[in-house]
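*Asks:* What follows is the residue order along each chain.
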Amino acid sequence: MRLEAQQLGYRLAKDNWLFRNIDLTLEPGQITGLMGPSGAGKSTIARILAGFIQPAEGSAVLKKALQHENRERSSAIGGAVTDKQGWKRRRTDGSIVRKPGGNTVPYPVQLIFQHPEQAVNPKWKLQRIVEEGAKPDQELLSLLGIDPGWLDRYPRELSGGELQRCCLARALACKPSFLIADEMTSMLDAITQAQIWHAVLGIAQQQGMGLLVISHDQPLIRRLCDRVIYPWETANENKKVTVRG
Amino acid sequence: MKPDNLAMPDTASGGKWLNRRQRAVIAAIASAMVLFAVLGFGLALPGSGLDARLEIRNQPPSLSHLFGTDWLGRDMLTRTLKGLTLSIFVGLAAAASSVLIAAIMGLAAAMGGRYMDHIIGWITDLFLSVPHLVTLILISFILGGGVKGVLIGIAVTHWPAMARMIRAELLQLRETDYVRLSSRLGRSRWWIATRHLLPHLLPHLLTGMLLIFPHAILHEASITFLGLGLSPHQPAIGIILSESMRYLSTGLWWLAFFPGAALLLIVRSFDRVSEYIRLLIHPASAQE
Amino acid sequence: MTVLEIRNLSVFFSRYYNWFRKRTEACLNGLELSVGAGQLVAVIGSSGSGKSLLAHAVMGILPRNAGWSGQMLYKGELLTPQLQQRLRGRELALVPQSVSYLNPLMQVGKQVRMSGGGVRSRTELRSMFRRYGLESQVERMYPFQLSGGMMRRVLVSTATLGGAELIIADEPTSGLHAELAQETVMRFRELADEGSAVLLITHDLESVLPYADAIAVLYGGTSIEVAPAHYFSGDGTMLRHPYSRALWTALPRNEFTPPKGKPLVRPARSAAGCPYREYCESASEACRSGQIPVRRVNEGWVRCIDAT
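Protein chains in written order, with my numbering: chain F, 259 to 503; chain W, 624 to 911; chain R, 269 to 576.
Just so you know, the hints here were simulated from the structure itself, not pulled from any lab data.
Do not take every clue at face value.
Computed from the model, here is a short list of chain W residues facing chain F with C-beta under 7 Å [said to hold, decoys possible]:
hint : residue
1    : Asp800
2    : Tyr801
3    : Arg803
4    : Arg807
5    : Leu808
6    : Gly809
7    : His819
Calculated from the model, a selection of chain F residues having no Cβ within reach of chain R, i.e. all distances over 10 Å [unchecked claim]:
hint : residue
8    : Glu262
9    : Ala263
10   : Ala271
11   : Phe277
12   : Gly287
13   : Pro380
14   : Gln396
15   : Asp410
16   : Arg411
17   : Cys432
18   : Lys433
So the derived label-pair ranges between C-beta atoms look like this [to be verified]:
hint : chain 1 : residue 1 : chain 2 : residue 2 : range
19   : R       : Gln379    : W       : Ile649    : 42 to 52 Å
20   : R       : Glu293    : W       : Gln645    : 14 to 24 Å
21   : F       : Lys381    : W       : Leu749    : 29 to 39 Å
22   : W       : Arg737    : F       : Arg269    : 13 to 23 Å
23   : F       : Arg269    : R       : Gly416    : 17 to 27 Å
24   : R       : Pro331    : W       : Glu792    : 22 to 32 Å
25   : R       : Gly304    : F       : Glu389    : 50 to 60 Å
26   : W       : Arg812    : R       : Gly306    : 58 to 68 Å
27   : W       : Tyr738    : R       : Gly416    : 50 to 60 Å
28   : R       : Glu567    : F       : Arg485    : 39 to 49 Å
29   : R       : Asp461    : W       : Pro822    : 48 to 58 Å
30   : W       : Ala731    : F       : Lys381    : 50 to 60 Å
31   : W       : Ile649    : R       : Pro349    : 29 to 39 Å
The beta-carbon is built from N, C-alpha and C at its ideal position, and this holds for glycine as well.
Turn these sequences into a full structure, and let the hints steer you where they fit.
*Replies:* Here it is, written out as structure tokens:
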């Protein structure tokens, strides 16, 4: 599966564009870094790709190669296109991905936020939070360094690093094809950051998952990513995506 | 060497005997006991105290008639308790229906799209722009007074402020990362509404009801006092108070004093409990 | 001259641990720190290490269910709640973490001028804004209209307009991209060079390192090491505490490897012993009990038994 975004644009008001003409492609199993000036809309791109909000123009599409038909079939992240497995968008505002039977399934692009405290329901215990999408197996929990004792607690009793691990477990339990990490570790100290990234890289490799790393930390991006994209520069120059590293 | 500086607010070091949660629970239990005592006695007392016995009329409080008797010789204690029981029922029913209307309106405004929001916002403003009492009088007058008129009047006038709060709360909640994420994890709207949104609203609904309850009782009493509420044959607090006004100047102070004090006690105790609950669920003051 | 000296500072909270009982929990434990005039000291710590509490304790703005013990000396004078109240916003300034500390309904210029009680003249504000590259129209903007970078500059100017002698900045660089973070820290360096004492609280070692005089490492609610900034270089062998060394090697620009052994790092919460003992390779029985003594080494100090 490939995630392709073409000519994305998003505006805050009628003639107030946050960005326009953004192109980017995510390949499975590849770790891509996204860099851009602060305030340029990195988080907005992350939210569009994960289907949280709709772009004002352009499209984000999941492309799946169908061997037997020898062509590609795409399922739009916005729009009502059915793909091979029968994922169907009920509404264009992107609220639900449905299977034909009416059961809902987790979305294949998952997003990890910068502030884990805001990404969990403060009234739920972590057991319930972690299992919201699908039940994570023991191996995943131990890979992420999650102590079973945490699952019996409320979010306010855990530190930011511990909560972020739980958010990762929740997202990864859904076996997404792509994981978008929006400043995932920028609120954490260096040791926790290194631990979390080592775990995530291992899981990504093992599952052939594509990763989009959004960060302002250049050394981190250089460490982690197979390639780094600067979509704003290319949007301005209207050229193809620069590939570095 | 100077002594170590130790600054500790009294709430933390135990400067008060009990912490706020303990006080809240005690207040809640006390109010509940008062409420049940009134309801229990009100229902259990024989109706004979309400019969006119002219030979013992206008008696000041005594052991046989703790609250005295009125100008027809009716026992004021029985009248007060029966009246309070009716008032509490009316208050509870009105507060509950008010909260229900508020919840439905707030939910519809927050979840039902832009037009729904506009329409409900307009209705809310309409109700808020007229003073409670005026709308209430109008409604009970149209419905011809009685328990039904008062009940519907109170229920219909008290929801707007709360509906607004619920709408704002839901709009904010809907935009939080964890609610938005939930649909990405494959959860349906209904699932999100019942698991994420509703549990969050429940404490608000409960406090809302406790806050409306004393209002409802007071409004019931006041429109009955004005003669637009319950009929004079029913032993309602409002009736008792309005009738006894006429006898105050003749020195029959107990006719108004005891029923008034009893009403105040019920209203204050509920006010206090709801205030505690409000402080406890508010994050800024929850740990104090 | 030492502007702020903190000796054995503990901060505790009383919280409900079940429905009815309250318990007092220590969040900072025996913290030691000092900042001199013209110095920029960075306080580094992981999330939940009590960094912000340190700032709030010095400013005297802890929440109502918190208390503290120990000594805080401002220019040799004991910091009492009364003194804090008097100095706050004038000689003591806090640069808060986010715009949520600004009044959303008030124009930015007005807020900055009114910060710390006294009202400053418009010309003073204008020159301050010019210095931080803020155009004059920013004065009339509301907080929500500011971009991340502008907001940060406004917050810095709030604290500096009064000519504060002690400036405490709480996570001034979080969420900023590298250049902006650098610019922000540089502002604080300038303020230090002008004679203020600056305490910079952050989890981001990398962005403060080039500008700081000394680094104080916080872990598990206590300061475990204070070292000159240049100790954080090479392979980090100049650092004395194993946690500081682990922090240094875990940086993306160094090895990017977490310490071996247990996969997670949650400090031991008890007041006794070293908070890092569970993860330390050379931990011994002596690390488990008592208060680990502070040991002076060359230009800093460390709280570790093994330190030489």
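*Asks:* Take the hints in turn and mark each one as holding or not.
*Replies:* Evaluation of the provided hints:
no., hint, verdict
1, Asp800, "holds, 4 Å"
2, Tyr801, "holds, 5 Å"
3, Arg803, "holds, 5 Å"
4, Arg807, "holds, 5 Å"
5, Leu808, "holds, 3 Å"
6, Gly809, "holds, 4 Å"
7, His819, "holds, 6 Å"
8, Glu262, "holds, 26 Å"
9, Ala263, "holds, 22 Å"
10, Ala271, "holds, 12 Å"
11, Phe277, "holds, 14 Å"
12, Gly287, "holds, 21 Å"
13, Pro380, "holds, 15 Å"
14, Gln396, "holds, 14 Å"
15, Asp410, "holds, 15 Å"
16, Arg411, "holds, 12 Å"
17, Cys432, "holds, 22 Å"
18, Lys433, "holds, 22 Å"
19, Gln379(R) / Ile649(W): 42 to 52 Å, "holds, 43 Å"
20, Glu293(R) / Gln645(W): 14 to 24 Å, "holds, 19 Å"
21, Lys381(F) / Leu749(W): 29 to 39 Å, "holds, 35 Å"
22, Arg737(W) / Arg269(F): 13 to 23 Å, "holds, 19 Å"
23, Arg269(F) / Gly416(R): 17 to 27 Å, "holds, 19 Å"
24, Pro331(R) / Glu792(W): 22 to 32 Å, "holds, 24 Å"
25, Gly304(R) / Glu389(F): 50 to 60 Å, "holds, 52 Å"
26, Arg812(W) / Gly306(R): 58 to 68 Å, "holds, 59 Å"
27, Tyr738(W) / Gly416(R): 50 to 60 Å, "violated, 36 Å"
28, Glu567(R) / Arg485(F): 39 to 49 Å, "holds, 43 Å"
29, Asp461(R) / Pro822(W): 48 to 58 Å, "holds, 54 Å"
30, Ala731(W) / Lys381(F): 50 to 60 Å, "violated, 24 Å"
31, Ile649(W) / Pro349(R): 29 to 39 Å, "holds, 32 Å"
Checked against the numbered hints above, the structure breaks hints 27, 30 and satisfies the rest.
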